[in-house]
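**Student:** Sequence:
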Amino acid sequence: MTTDTTRVLDPVSRATEILFGLIMVLTFTASLNVAEASRTDVRLMLIAALGCNLAWGLIDAAMYLLSTRAEKALAMRMIGTVQNAPPALARHEIAATLPAYVTASLDEDDIERIRQHLASLPAQDTHPDATDLRAAAMVFALVFFGTLPVALPFLLIKDAQLALWLSHAIALASLFVAGSTLGRLWGRPWRVGLAMVAVGLILVGIALALGG
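Using the UniProt record's numbering, the first residue of the sequence shown is number 1, and each one after it goes up by one.
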């Protein structure tokens with residue numbers, strides 16, 4: 001698995017984005033009043049929910065490209081500093097840039113090897129390349145298809161009320177899955193998963209109390 005693919009599939013970033021997308025869609029669908037909904041209303045809900053998923057996926061893909069370019073620019077600035085500074089100052093800059101727990105495990109020889117490697121690197125373009133665009137497309141697909149199940153009931157079920165409640169159930173289940181994915185990194189998958197469900201229920205309750 002390549003570094004770019006690993007970054008795209010980073011569970012923290014992707015689960016967090018899917019969580020935001022699910023909460024956004026859930027809040028949107030919960031605000032809809034379907035007490036007297038018709039088939040036309042169901043179609044409009046489907047279009048709106050799909051549009052919401054599409055917009056969120058595009059936003060995440062665009063933010064991925066922006067953050068990637070910013071990271072490249074920062075990296076090139078660091079490399080330029082190392083290449084133009086005296087060796088002692090370059091080693092100091094490298095040590096200051098690395099996390100403290102990493103620096104603590106390195107000695108002067110390790111940092112010098114890093115300096116020599118950075119000093120030998122050529123200048124690189126910071127604009128998005130084909131790899132970045134493919135990665136952004138993967139981000140879009142992950143986020144869009146991660147939130148798509150919430151919209152499917154409006155496509156498969158004619159009863160608007162039933163479709164809405166089933167959509168809520170799918171969203172809450174998805175919130176639990178995404179939350180537990182994050183929770184596994186902290187050793188508390190069930191607690192974080194249930195916390196995300198609680199947040200979703202609170203948002204649904206607020207939206208319904210306001211007339212949804």
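One or more of the hints may lead you astray.
List of simulated lysine to any residue pairs, SDA-like, C-alpha gap at most 20 angstroms [claimed, not checked]:
| id | residue 1 | residue 2 |
| --- | --- | --- |
| 1 | LYS72 | LEU118 |
| 2 | LYS72 | LEU46 |
| 3 | LYS158 | ARG91 |
| 4 | LYS72 | LEU50 |
| 5 | LYS158 | PHE20 |
| 6 | LYS72 | LEU162 |
| 7 | LYS72 | THR131 |
| 8 | LYS72 | ALA119 |
| 9 | LYS72 | LYS158 |
| 10 | LYS72 | HIS127 |
| 11 | LYS72 | LEU44 |
| 12 | LYS72 | GLN124 |
| 13 | LYS72 | PRO99 |
| 14 | LYS158 | LEU46 |
| 15 | LYS72 | HIS117 |
| 16 | LYS72 | LEU98 |
| 17 | LYS158 | LEU44 |
| 18 | LYS72 | ASN84 |
| 19 | LYS72 | PRO86 |
| 20 | LYS72 | PRO149 |
| 21 | LYS72 | ILE47 |
| 22 | LYS72 | ALA169 |
| 23 | LYS72 | LEU156 |
| 24 | LYS72 | MET24 |
| 25 | LYS72 | LEU166 |
| 26 | LYS158 | PHE140 |
| 27 | LYS72 | LEU155 |
| 28 | LYS72 | ASP125 |
| 29 | LYS72 | LEU133 |
| 30 | LYS72 | ALA55 |
| 31 | LYS72 | ILE114 |
Ranges of calculated distance between the beta carbons of each label pair, as one might list FRET restraints [unchecked claim]:
| id | residue 1 | residue 2 | range |
| --- | --- | --- | --- |
| 32 | ALA55 | THR81 | 26 to 32 angstroms |
| 33 | THR126 | LYS158 | 49 to 55 angstroms |
| 34 | VAL102 | ILE47 | 17 to 23 angstroms |
| 35 | LEU98 | PHE145 | 25 to 31 angstroms |
Derived from the structure by calculation, the hints contain no laboratory data.
All residues carry an ideal CB built from backbone N, CA and C; glycine is no exception.
**Student:** All the hints need checking, so say for each whether the structure fits it.
**Tutor:** Consistency of the hints with the structure:
1. LYS72 / LEU118: 14 angstroms, holds
2. LYS72 / LEU46: At roughly 39 angstroms apart (the allowed maximum being 20 angstroms), LEU46 and LYS72 break the hint.
3. LYS158 / ARG91: Violated: LYS158 and ARG91 sit about 66 angstroms apart, past 20 angstroms.
4. LYS72 / LEU50: Judged against 20 angstroms, a Cα distance of about 33 angstroms means the pair is violated.
5. LYS158 / PHE20: Between LYS158 and PHE20 the Cα gap is close to 28 angstroms, so the pair fails against 20 angstroms, i.e. violated.
6. LYS72 / LEU162: Roughly 48 angstroms separates the two Cα atoms, so the pair is violated.
7. LYS72 / THR131: Holds, at about 13 angstroms.
8. LYS72 / ALA119: Judged against 20 angstroms, a Cα distance of about 16 angstroms means the pair holds.
9. LYS72 / LYS158: 49 angstroms, violated
10. LYS72 / HIS127: The given pair, whose Cα atoms are some 8 angstroms apart, holds under the 20 angstroms limit.
11. LYS72 / LEU44: Between LYS72 and LEU44 the Cα gap is close to 42 angstroms, so the pair fails against 20 angstroms, i.e. violated.
12. LYS72 / GLN124: Roughly 9 angstroms between the alpha carbons, so the hint for LYS72 and GLN124 holds.
13. LYS72 / PRO99: 18 angstroms, holds
14. LYS158 / LEU46: Answer holds: LYS158 to LEU46 is near 11 angstroms, not above 20 angstroms.
15. LYS72 / HIS117: 17 angstroms, holds
16. LYS72 / LEU98: 16 angstroms, holds
17. LYS158 / LEU44: It holds: about 12 angstroms lies between the C-alpha atoms, which stays within 20 angstroms.
18. LYS72 / ASN84: Distance ~18 angstroms between LYS72 and ASN84 Cα, so the pair holds.
19. LYS72 / PRO86: 23 angstroms, violated
20. LYS72 / PRO149: 35 angstroms, violated
21. LYS72 / ILE47: 37 angstroms, violated
22. LYS72 / ALA169: 41 angstroms, violated
23. LYS72 / LEU156: 44 angstroms, violated
24. LYS72 / MET24: 30 angstroms, violated
25. LYS72 / LEU166: 43 angstroms, violated
26. LYS158 / PHE140: Given pair LYS158, PHE140 is violated - Cα atoms ~29 angstroms apart, limit 20 angstroms.
27. LYS72 / LEU155: Roughly 42 angstroms separates the two Cα atoms, so the pair is violated.
28. LYS72 / ASP125: 8 angstroms, holds
29. LYS72 / LEU133: Roughly 14 angstroms between the alpha carbons, so the hint for LYS72 and LEU133 holds.
30. LYS72 / ALA55: With Cα atoms ~26 angstroms apart, LYS72 and ALA55 exceed 20 angstroms; violated.
31. LYS72 / ILE114: 18 angstroms, holds
32. ALA55 / THR81: 26 to 32 angstroms: 39 angstroms, violated
33. THR126 / LYS158: 49 to 55 angstroms: 51 angstroms, holds
34. VAL102 / ILE47: 17 to 23 angstroms: 49 angstroms, violated
35. LEU98 / PHE145: 25 to 31 angstroms: 37 angstroms, violated
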